[in-house]
Amino acid sequence: MAMTVTEKILAAHAGKESVVPGDNIWVDVDVLMTHDVCGPGTIGIFKEQFGQNAKVWDREKVVIIPDHYVFTKDKHANRNIDILREFVKEQDLPYYYDVGTDNYKGVCHIALAQEGHNRPGEILFGTDSHTCTSGAFGMFSTGIGNTDAAFILGTGKLWVKVPETMRFEFTGTFPPYIMAKDILLQVIGDIGVDGATYRTMEWAGDAVYRFSMEERMTLCNMAIEAGGKNAVIEADEVTLEYLKGRTDKPHTIHHSDPDANYYYKKTYNADEMVPIVAKPHSPDNKAAVTECTDVKLDRSYIGSCTGGKLTDFIAAAKLLKGKKVAIDTFIVPATREVEQDLYKTKMDGESLADIFKNAGALLGEPSCAACLGGPKDTFGRANSTEVVISTTNRNFPGRMGSKQSQVYLSSPYTAAASALTGHITDPREFLNN
Amino acid sequence: MKKTIEGKAYVLGNDVDTDQIIPAEHLVYSLTDPEEKKNYGKFALSGVPQEAAGLPDGNHAFVDEGKFESEYTILIGGKNFGCGSSREHAPACLKIAGIQAVVAESFARIFYRNSVDGGFFIPFESKVRMTDDIKTGDTLLIDLGAETLTNKTSGKSFSLKSLGEVIDIIEAGNIFEYARKTGLIAK
Chain P
1 MAMTVTEKIL
11 AAHAGKESVV
21 PGDNIWVDVD
31 VLMTHDVCGP
41 GTIGIFKEQF
51 GQNAKVWDRE
61 KVVIIPDHYV
71 FTKDKHANRN
81 IDILREFVKE
91 QDLPYYYDVG
101 TDNYKGVCHI
111 ALAQEGHNRP
121 GEILFGTDSH
131 TCTSGAFGMF
141 STGIGNTDAA
151 FILGTGKLWV
161 KVPETMRFEF
171 TGTFPPYIMA
181 KDILLQVIGD
191 IGVDGATYRT
201 MEWAGDAVYR
211 FSMEERMTLC
221 NMAIEAGGKN
231 AVIEADEVTL
241 EYLKGRTDKP
251 HTIHHSDPDA
261 NYYYKKTYNA
271 DEMVPIVAKP
281 HSPDNKAAVT
291 ECTDVKLDRS
301 YIGSCTGGKL
311 TDFIAAAKLL
321 KGKKVAIDTF
331 IVPATREVEQ
341 DLYKTKMDGE
351 SLADIFKNAG
361 ALLGEPSCAA
371 CLGGPKDTFG
381 RANSTEVVIS
391 TTNRNFPGRM
401 GSKQSQVYLS
411 SPYTAAASAL
421 TGHITDPREF
431 LNN
Chain G
434 MKKTIEGKAY
444 VLGNDVDTDQ
454 IIPAEHLVYS
464 LTDPEEKKNY
474 GKFALSGVPQ
484 EAAGLPDGNH
494 AFVDEGKFES
504 EYTILIGGKN
514 FGCGSSREHA
524 PACLKIAGIQ
534 AVVAESFARI
544 FYRNSVDGGF
554 FIPFESKVRM
564 TDDIKTGDTL
574 LIDLGAETLT
584 NKTSGKSFSL
594 KSLGEVIDII
604 EAGNIFEYAR
614 KTGLIAK
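Protein sequence lines correspond, in order, to chains P and G.
Start counting the first sequence at 1; every next residue gets the next number (the working numbering).
Start counting the second sequence at 434; every next residue gets the next number (the working numbering).
Since the hints were derived computationally from the structure, they do not count as laboratory data.
Nothing here was measured: the structure is a model prediction, and the numbers come from that model.
Beta carbons: idealized from backbone N, C-alpha and C, even for Gly.
Watch out, some of these pointers could steer you wrong.
What the hints assert, rightly or not - Calculated cross-link-like contacts (lysine-lysine; reagent style DSBU-like; alpha-carbon spacing at most 35 Å):
| hint | chain 1 | residue 1 | chain 2 | residue 2 |
| --- | --- | --- | --- | --- |
| 1 | P | K47 | G | K500 |
| 2 | P | K324 | P | K296 |
| 3 | P | K75 | G | K500 |
| 4 | P | K286 | G | K594 |
| 5 | P | K279 | G | K560 |
| 6 | G | K470 | P | K157 |
| 7 | P | K318 | P | K346 |
| 8 | P | K376 | G | K475 |
| 9 | P | K403 | G | K441 |
| 10 | G | K528 | G | K435 |
| 11 | P | K55 | G | K471 |
| 12 | P | K321 | P | K403 |
| 13 | P | K157 | G | K471 |
| 14 | G | K528 | G | K436 |
| 15 | G | K470 | P | K376 |
Said to hold, decoys possible - Which stretches of chain P does chain G cover? Using the computed rule of at least three CB atoms under 8 Å from a CB of chain G, they are:
| hint | region |
| --- | --- |
| 16 | 39-48 |
| 17 | 127-139 |
| 18 | 189-197 |
| 19 | 244-251 |
| 20 | 340-348 |
| 21 | 369-379 |
Next up, chain P with everything else stripped away, as it sits in the complex (with noise of 0.2 Å):
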């Protein structure tokens, strides 16, 4: 029977042969992800349902990543933190990434990916519906809550209603100021934010495969945005050019059949698109950057999972190198590994790290910091009435803060432009000099 990358990998999890959209199946797991924010409730959840000595179903596949809220002075925070330490001890879990270590990483989804448990036809759950990033890798990811994350460390199981795929295609080649985040942009204001509820957004063209896998992991880290339960890249090439030496782990690559079912398709031209802002305060109220051009910025944030890559900041340091910034600029290196690279790539015999404080930005911790708010002391939260452009993923009320605080979604590109000027810039005022 035809099906999609997604059906199929439920279909193998699950025992059988083909699954379609509207089945509900129990999957077996292979990784289970948590961070400081869920760990603490969903190991409260697995101790209360299975035992205080209880262990967990294969220590092998339970990763924990603390991410959250780690610069900070809040004792609940630093308490949550040690829970998951103790946890870890108990359990003897080989996974565990720590705050204050050599070993600390940062934001799960682009650790996750770095670390090597990102495999090919896997399934990933995680306490984060940014989960989704992983899809990125061919395979089936998505955000769960404590109570099914608790369900998935005693049992390895999860049951999962399969998902009725939507796919965007895109022909042609993109051109050289647009980014993965331009085009999500695009997609997110065309369907909405529950445009894609409970469905599975699929990505493929050739101009999509023409992408590195951190701009992949870009277009699968908003499938959440517009309702998705999961977003997928078929693997490739690429893909197995970026798991060497970070895993050699075996793993199987799926196709989706030529006449699988889909419940939407489209087709863009690649060479169409432009620069696109979500303005606030919904990531699919999308506006074409040359139509926000007034607006008058307090702030640029480049950082996050969405747009805080090294793909990010080579784009960020092209427009900044040589430049002051007109407004506060804050750098959040997504992890430890993208933080180091700041350092180690250069351009011109420059550093980025260097172009960014010789721009005047200033340069954070790796963390999810002020994508989320979090607490008062937050790198680079909006604390106020700030106007901010951003490469993150969402613009709620009070998303990055405040709730008077206004978000304004872009690609690095956008977010570093308007950094030099202080209001919406279109890059290509930048790029074609």
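Put chain G on the given structure of chain P with help from the hints.
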């Protein structure tokens, strides 16, 4: 499972996201410690913009200053209720504040799933938009058997969608009790 749920309505609009339901700065409290957990009730819906807090007029506090529970026990929402984060603190905080049912035109996937699997309250979907016909403070009666919601203040009734396949988990109480009943995990 109860046959009816009666209580005062608190009305919200479309796309109520999890940052409005429980702002991220409050996600630090324990969900197991009975005293600390009360904070989730205190801050439930504290991220909703003033003008949208308790429609149609807005400016209604969901939980009064200094309190940990709300006088409202039924939430009415529009489309895409609970969008955003997977934080289970969102349905949990509503339950801790005293919410017994959320009735919306549609739900975001993870919030819906968390409400059912965690057994916090029943998420009902309405067949039509109700946010124009129910005011914050109205007395509502949900009849689970008849699948209706009646606004006792105005007399108007609304049909609810069937709970469908999740009814088994709702009746069992949560995903763990359901798995025990069906033999997937030991009793």
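ask   = Hint numbers the structure violates, sorted upward?
value = Hints 19 and 20 contradicted; others consistent.
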